[in-house]
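A.B. asks: Chains as they are written, first to last, in this note's numbering: chain R, 745 to 863; chain W, 745 to 863.
By construction, these hints were calculated from the structure, which means they are not laboratory data.
In this text, all values refer to a predicted model and were calculated from it rather than measured experimentally.
Backbone N, C-alpha and C define an ideal beta-carbon position, used for all residues, glycine too.
Just so you know, not all the hints are guaranteed correct.
What the hints assert, rightly or not - Taking CB as the label site, the calculated pair distances span:
| id | chain 1 | residue 1 | chain 2 | residue 2 | range |
| --- | --- | --- | --- | --- | --- |
| 1 | R | Asp837 | W | Pro843 | 41 to 49 Å |
| 2 | W | Pro843 | R | Gln765 | 35 to 43 Å |
| 3 | W | Asp750 | R | Ala817 | 17 to 25 Å |
| 4 | W | Ser746 | R | Arg753 | 25 to 33 Å |
| 5 | W | Asp816 | R | Ala751 | 39 to 47 Å |
As the list claims (entries may be wrong) - Beyond 12 Å from chain R on every Cβ pair, some chain W residues (computed):
| id | residue |
| --- | --- |
| 6 | Gln756 |
| 7 | Gln765 |
| 8 | Gly773 |
| 9 | His797 |
| 10 | His803 |
| 11 | Lys806 |
| 12 | Gly827 |
| 13 | Tyr831 |
| 14 | Asp845 |
There are 2 protein chains.
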Amino acid sequence: MSINNDATRPFQDVRMEGAHQVKMKILIGIPDGSSNIIMRHFEVSPEGHTPRHQHDYEHVVKIEKNKGIFVDALGTEHEVTEGMSLYVEPNTDHQFRNPYDKPFEFLCIIPNPEKNRCC
Amino acid sequence: MSINNDATRPFQDVRMEGAHQVKMKILIGIPDGSSNIIMRHFEVSPEGHTPRHQHDYEHVVKIEKNKGIFVDALGTEHEVTEGMSLYVEPNTDHQFRNPYDKPFEFLCIIPNPEKNRCC
């Protein structure tokens, strides 16, 4: 069992190509014993964005604070605000952008990408 | 891709034996296409509690609003407040209680319990 406190965990800059002004911290991960599910907290600063990219695992997202734009596989922009949740399929292009003036914060939950998922 | 709004999804009473004053809604689940990860939102009213129980899948939890008590496998009580996150191993007794005067709200994320998990 682990109990972690978001407030005392530092953000780390996301240095992935195509990311701009994005920070991330892992809230629950493999060091906590969680071998199937990883919960991360992202913050996209005003004018920031994640890479437009895809990968072979899904995203389960909960918007935690303020608002931003989710760009779907077709390039359609959706304003997403605190309280909304998203499901993004594996192998589909996606991006989060923040054209607003407050930090855009969300949880992004993924399966352990180092494991084969069943079925 | 699904975008859901927590605010417009109704809570349902949890009628499981041992649950008292607990409500739940699924934010992202199988109908959204999410076959590995299910994200639920729980609210435990003042004086409410979940069952003290265990099951063969883990919990990844994020406290979203106010505070409550998490009772671990040894029966130790931990006060958990907004911003904290928890990992609860499979097959370990656990319970959430709310002895306070405000609704205790958290996300509880699980793997799809109808699937075998790998490895």
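A.B. asks: Run every hint past the structure and note whether it holds.
C.D. replies: Here is how each hint holds up against the structure:
Separated by about 47 Å at the C-beta atoms, R:Asp837 and W:Pro843 satisfy the suggested range of 41 to 49 Å. In this structure, W:Pro843 and R:Gln765 meet the distance hint of 35 to 43 Å, their C-beta atoms being roughly 42 Å apart. Distance hint for W:Asp750 and R:Ala817: a CB-CB separation of about 23 Å, consistent with the stated range 17 to 25 Å. Remark: the range hint 25 to 33 Å for W:Ser746 to R:Arg753 is upheld by a beta-carbon distance near 29 Å.
Checked against the hint of 39 to 47 Å, the C-beta distance between W:Asp816 and R:Ala751 comes to roughly 21 Å, which is inconsistent with it. The non-interface label for W:Gln756 is consistent with chain R: the shortest C-beta to C-beta separation is roughly 17 Å, beyond 12 Å. The beta carbon of W:Gln765 is kept farther than 12 Å from every beta carbon of chain R, the shortest such distance being approximately 22 Å. The Cβ of W:Gly773 does not lie farther than 12 Å from every Cβ of chain R; its closest approach is about 9 Å, which violates its non-interface assignment.
With 12 Å as the threshold on Cβ separation, the claim that W:His797 sits away from chain R holds: the shortest Cβ distance comes to roughly 15 Å. The beta carbon of W:His803 sits about 9 Å from the closest Cβ of chain R, which is not more than 12 Å, so the claim that it is off the interface is violated. For W:Lys806, the condition that its CB be more than 12 Å from all CB atoms of chain R is violated, with the nearest at approximately 7 Å. Distance check on W:Gly827: its Cβ comes as close as 4 Å (rounded) to a Cβ of chain R, failing to clear the 12 Å threshold; non-interface status is violated.
The Cβ of W:Tyr831 does not lie farther than 12 Å from every Cβ of chain R; its closest approach is about 4 Å, which violates its non-interface assignment. The Cβ of W:Asp845 sits about 23 Å from the closest Cβ of chain R, beyond the 12 Å cut-off, so the non-interface label holds.
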